[in-house]
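> Listed here are the chains, written in short residue letters.
There are 2 protein chains.
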Amino acid sequence: MSETTDAKAAGRRGRRGGGRDARRAIRKSAAEVHKPFVIRKLKPFEIVDEAGLKIIEDNADTILEQVGVEIRDAPHAIERFVKAGAKADGNRVRFPKGMCREIIQKSAPAVYTQHARNPARNVQIGGDTTVFVPNYGSPFVHDLDNGRRYATLNDFENIVKLAYMSPHMHHSGGTVCEPVDIPVPLRHLDMVYSHLRYSDKPFMGSVTAGERAADSVEMARIGFGGDLADRTVMTSLINASSPLVWDATMLDAAEVYAKNNQACIITPFILAGAMSPATAAGVAAQSLAEVLVGIAFTQLVRPGAPAIFGSFASSMSMQSGAPTFGTPEPAIILYTVAALARRLGVPFRSGGSLTASKIPDAQAAYESASTLIPSMMGGVHFVLHAAGWLEGGLAVGYEKFILDCDQLGAMAKFADGLDLSPNGQAMEPLLNQPPGEHHLGTAHTLQNFETAFYRSETADNNSYEQWSDEGGLDAAKRANKIWKKQLANYEAPHLDEAIDEELKDFVARRKSEIDAGGE
Amino acid sequence: MSETTDAKAAGRRGRRGGGRDARRAIRKSAAEVHKPFVIRKLKPFEIVDEAGLKIIEDNADTILEQVGVEIRDAPHAIERFVKAGAKADGNRVRFPKGMCREIIQKSAPAVYTQHARNPARNVQIGGDTTVFVPNYGSPFVHDLDNGRRYATLNDFENIVKLAYMSPHMHHSGGTVCEPVDIPVPLRHLDMVYSHLRYSDKPFMGSVTAGERAADSVEMARIGFGGDLADRTVMTSLINASSPLVWDATMLDAAEVYAKNNQACIITPFILAGAMSPATAAGVAAQSLAEVLVGIAFTQLVRPGAPAIFGSFASSMSMQSGAPTFGTPEPAIILYTVAALARRLGVPFRSGGSLTASKIPDAQAAYESASTLIPSMMGGVHFVLHAAGWLEGGLAVGYEKFILDCDQLGAMAKFADGLDLSPNGQAMEPLLNQPPGEHHLGTAHTLQNFETAFYRSETADNNSYEQWSDEGGLDAAKRANKIWKKQLANYEAPHLDEAIDEELKDFVARRKSEIDAGGE
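For the protein sequence lines, the chains are A and B, in the order given.
All letters in the first sequence, in the order written, are residues 1 to 519 by full-length UniProt numbering.
All letters in the second sequence, in the order written, are residues 1 to 519 by full-length UniProt numbering.
Accuracy of the hints is not assured; some may be wrong.
[Claimed, not checked] On the chain B side, residues computed to face chain A include the following (Cβ under 10 Å):
#  : residue
1  : Ala51
2  : Ala88
3  : Thr279
4  : Ala280
5  : Ala289
6  : Gln319
7  : Ser368
8  : Leu418
9  : Asp419
10 : Asn462
11 : Gln466
12 : Ala476
[As the list claims (entries may be wrong)] Simulated crosslink set (DSS-like; lysine-lysine; CA at most 27 Å straight-line):
#  : chain 1 : residue 1 : chain 2 : residue 2
13 : B       : Lys41     : A       : Lys41
14 : A       : Lys41     : B       : Lys87
15 : B       : Lys43     : A       : Lys54
16 : A       : Lys54     : B       : Lys41
17 : A       : Lys106    : A       : Lys87
18 : B       : Lys43     : A       : Lys41
19 : B       : Lys106    : B       : Lys87
20 : B       : Lys259    : B       : Lys504
21 : B       : Lys41     : A       : Lys43
22 : A       : Lys259    : A       : Lys87
23 : A       : Lys106    : A       : Lys83
24 : B       : Lys481    : A       : Lys477
25 : A       : Lys43     : B       : Lys43
26 : B       : Lys87     : B       : Lys259
27 : B       : Lys477    : A       : Lys481
28 : B       : Lys477    : A       : Lys477
29 : A       : Lys43     : B       : Lys54
30 : A       : Lys54     : A       : Lys106
[Stated by the list, open to error] To give an idea of the chain A side of the interface with chain B (calculated C-beta under 10 Å), a few residues:
#  : residue
31 : Val67
32 : Pro96
33 : Met318
34 : Pro323
Just so you know, the hints here were simulated from the structure itself, not pulled from any lab data.
Values in this document were obtained by computation on a predicted structure and should not be read as measured data.
Yeah, the Cβ is synthetic: ideal placement off N, Cα and C, and Gly gets one too.
The shape of chain A in the complex, shown without the other chains (with noise of 0.2 Å):
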């Protein structure tokens, strides 16, 4: 993993030179040192044994063997996979036990490097880290001044600017928002743009068809100075159209990703009771078989393509059939799920700060904290949705995207689990400091002080009576005067320009070509 190493001597040479950078850096507090992804120094929790796993990884070849999936208007991709061992009966593909596991073990990587523009923020994904993501594909927005409202690409453009400007997000996603004022077809090249021009970390491209992943690969290669050969620079998101489908879209998507050895994470997008029986072991089959079809297809488009084993799965409202978040049933889901992965030896997708809450409530904070936690704890190595999600993901909040962040820095900050050395154990304190005798003023707090505990930048700790005089915020509107600060003081990263000129041409020839239906 010498890429990682690279990751990290590029992240302590800083990504600008210059006096005021670095004396701004040195006033930052600890809390405020921007880390490039979260490396976990505790092993995934395991909620079910070998012996366990084994039944589901049997139930999912029996399930491609005996059912196996549907390849709608794909010709081509069901003429790979025939010529790789299965058989197609028309649309519908049948594969031999363990096919699709060997194709994968035979090339896909267990752990990649995502590129971002600046090198000091390069995403190692997989093995023991864990990398957060935006929130992803909401028509809307929300926030405690203007409510819900259709979002807009300046809103896009914000998200993008507030994800760059935490220490605690460690990518900027792709689709943070679907800026609804730009019509779908020219939507990509607005998208794509912002990533590259307002923030220098790593981002996903555009998956809604085959042209406008082609349009994204070509972006981002002007984007890095031209040159993407054995560089991967996006992850973009392959969703099946659960269940046991996959359609051209997508495959068309990833092909495009794949060939230009751009990674795709393959999600079945399960709502358990509908798109799969409503048992989580039957979710956990069901997303395996899914998986191991859409992963195999990326290694025979081209052998040693990064794929991330992707689930994303949830509950139901027994009441509406509404999809509900943060429930006990998708955390068991995630922490099954995400041992297949480890056993099939690719990175793992899932997780985030979920919620069907409509506002930065007490019910979007309990649902986020109860797929947040797990998506640590399970080990997710690409945490998508990680701040800002509101209502089943129909809308994202500025609020909630402060808030979220909050809880990342937390969840980095746990991730270190128990600290061991002489210091950690503190028994020069502890044998020195006689019975009573409180531990404030020793040598020892006094050193560890600043670093010793996770410093919220959302939470009021303060007494009622100082938090009451301050005006009785709750945690929302506390977090609408920090977006807006943050917003004010935001400056863009450094993006060479004659790079912007040639970016801005092929937004601009691009539109005009769809414009006029060449697309």
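Keeping the supplied structure of chain A fixed, place chain B upon it in accordance with the hints.
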């Protein structure tokens, strides 16, 4: 563990006969079924390996040998320790390595049953169970209508009633809030009476003085029908005065309870960086040292008396020195100390739904979940403060209580883990439903729908439009309606009239004795 089997059998019998109750029971949804405690099917999460735990145990032994503890105003306690092999130098008592552990492992039970007035509600404490217990010790209460104010006996009774009615709360608790309208020397009488009169769940006795503990034992004797003999009917909270001090008040109360075979929770209450060094491993070693002394004391008083290893550790705001909650460090401590308790072989108490927030907002929920989830995943047996906590314990919130109880229900469901029964594996629908065909109408889904997913009592999973049409209430406002409805529907459990009279007589007599200075 035949006691558990008895408790389960009693649970099946139901607590009252009669057609009306039976019909009501049938109407209850699956979510409302009352289970006396959680049986965890998951292994606890281990944050540190055996070698690491051994280091901490050695450190605790070294502290006890070299520094020892101070035992204040309790020469009889010092005498007991010296007789058992300790060395006293005035109030300072030092212990040979391994002495306390040996005393504890000879007689302290790994598992005990705390009996409830209603045998169906007996709780097993220790082993693979978790018992949820209400908030403890708050002088203030908070609700949305009246804000924050001093607690009264009426509030105390209300919290006891709400705990009684929650299917997710297993215990009536102790000082669920401080009834400050009652003079301190009389308060314990009204509190114990409330637990016996308004609930039939197990409860905690008073610990603020030896004679108040004795009153608690006497009232329990009356409430349980005069026979405590070998039954443990109270579990009470005995706090160390960290660092490394045990005072007479707590030791006196512990002596009364242990003598009567009632259970003590021996708990260091540590604000890290003040009552201990600021590091997690330091807190763990000191906690272990203090607990070893406390539990050994109970075993010297009465070998075999039930005792719980308690741990309460919070981090600190670096700005103000105020305690902070739901941060990563206390979770790391919880997982570490839980493992130490398992190795010692006694039940463990820690965690809860802790927060520094003044109101039931997003901060309260994030922080509470970040304490409650570790409580479950760390295998905590006795979760004090499981519902209601606000403001670092200074207040108990009515809405917070309702919201937290809902989370307890979710935790209980999570503890069931992955169901790998044939029904759980769901291979029948997985092999029979063709790709692309949804599972909503399958026999398997219909058969599992009612119990497949935890049904939250407080979450709103409706569409934005429906939620908005219904008033756009946040979680706290919905909880406000719930607790009012619950209190309006409250029906007291059966209590024999003669017993009630005897209890009232005892309270009246003791009050006049105490008022006359005769306590």
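> Tell me the hint numbers this structure goes against, listed in increasing order.
The structure conflicts with hints 2, 14, 32, although it agrees with all the remaining ones.
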